[in-house]
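Given only the sequences and the hints, what does the whole structure look like? Please build it.
Here the protein sequences come in this chain order: A and B.
For the first sequence, the positions run 1 to 172 when the working numbering is used.
For the second sequence, the positions run 1 to 107 when the working numbering is used.
Calculated from the structure, these hints are not laboratory results.
Even glycine gets a Cβ: it sits at the ideal position worked out from N, Cα and C.
Mixed in with the good hints, there may be bad ones.
[To be verified] Label-pair restraints from in silico Cβ distances:
(1) B/D2 to A/N81: 44 to 50 Å
(2) A/I92 to B/M4: 17 to 23 Å
(3) B/E100 to A/V13: 47 to 53 Å
(4) B/I75 to A/F6: 33 to 39 Å
(5) B/Q92 to A/F6: 33 to 39 Å
[Said to hold, decoys possible] Sample of chain A residues with no beta-carbon within 10 Å of chain B, all distances over it, derived:
(6) N81
(7) K91
(8) T152
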Amino acid sequence: MESNIFYFYSLCVIILGSAAGIILVPRMYMAVISLFCLICSSGFLYLSLNAKYMALFQFILCGIFLCSYIFILLKKINRLNLKLKLVNPIKIIASSCWILLFGILTCLFFNEEFNNSLYSIFNFIIEKSSDTINFMEHIFPLHLVILLVIVTSIILRIFLTTQTVPRNEEKK
Amino acid sequence: MDFMLNIGLMHYLILSLLLFLIGLAGVLISRNMLRTVMSMFIITISVVLNFMVFGHYCDNTMENANIISVFVLTISVVQTIIALVILYKIYQANEYLDAEKIKDKEN
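Structure, rendered in structure tokens:
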């Protein structure tokens, strides 16, 4: 029991620290390392929720592929040592106030919705389906999504190439 | 004191909310667009955490949570990579990734 509490709170500190690190560390490569730490620590949190496949999936997809992609991109554009730049202080104060307000409103919503009766957010999905769910049947549309994303990325790439080439020529 | 010691749904929801707010703060206060993209990914992780927690505490099988989380995470990673490709193209055109400089240039 005590080990669970210690595990949860230490993971909370690591997760929040890494998340704050992504936006506040002075150099860009540190932000990528923070992102990696965040992904790994949230994976450990999923393990405590008995979701080992999800933890593994997140580690492979985000921890290995996404972080290395960002790292390679930064290296390619020579921005690994890019310094931290924030918006001006007035905007920071205004954003903080807005975020605080948003946080308070969300806490009030949680309190109203979950204080007396706890309901499942999955009810709207499963109420008309059968009791047994075949994972492969539900995962099938993922192929369509991936196909759609690849087609969109190709179109975007063609569009951006034709848009950016004239600008470079203008500079010359 | 009991609330602190008995780890339950509310603890995870508070963690998820804090993570979401940090991500939102990153989107709002960062001038570097790469950091903005990474902050958006923090928001996604908080959303996925929410799904997993609701799956664990409200749904016995965890299947729905896993399915939705896999979808959300995959789409989010692909969207992040597309955003990074767009940023790379912007960098090639302008040679900087500062949102305010790009906005000034557009004006």
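Cβ separation of B/I75 and A/F6, checked against the hinted range 33 to 39 Å: Cβ of B/I75 to Cβ of A/F6: about 35 Å, so the range 33 to 39 Å holds.
Cβ separation check - A/T152 to all of chain B, threshold 10 Å: violated, 7 Å
For B/D2 and A/N81, compare the CB-CB distance with the range 44 to 50 Å and indicate the outcome. holds, 48 Å
Consistency of the no-contact label for A/N81, given chain B and a CB cut of 10 Å: holds, 13 Å
A/I92 versus B/M4 beta-carbon gap, inside 17 to 23 Å or not: Since the Cβ atoms of A/I92 and B/M4 sit about 31 Å apart, the hinted range of 17 to 23 Å is violated.
Mind checking the hinted window 33 to 39 Å against the Cβ distance between B/Q92 and A/F6? violated, 48 Å
Do the Cβ positions of B/E100 and A/V13 conform to the proposed distance bound of 47 to 53 Å? Between B/E100 and A/V13, where Cβ atoms are some 33 Å apart, the hint is violated.
If we take the beta carbon of A/K91, is the closest beta carbon in chain B still more than 10 Å away? violated, 7 Å
Against the hints set out earlier in the document, violations occur for numbers 2, 3, 5, 7, 8.
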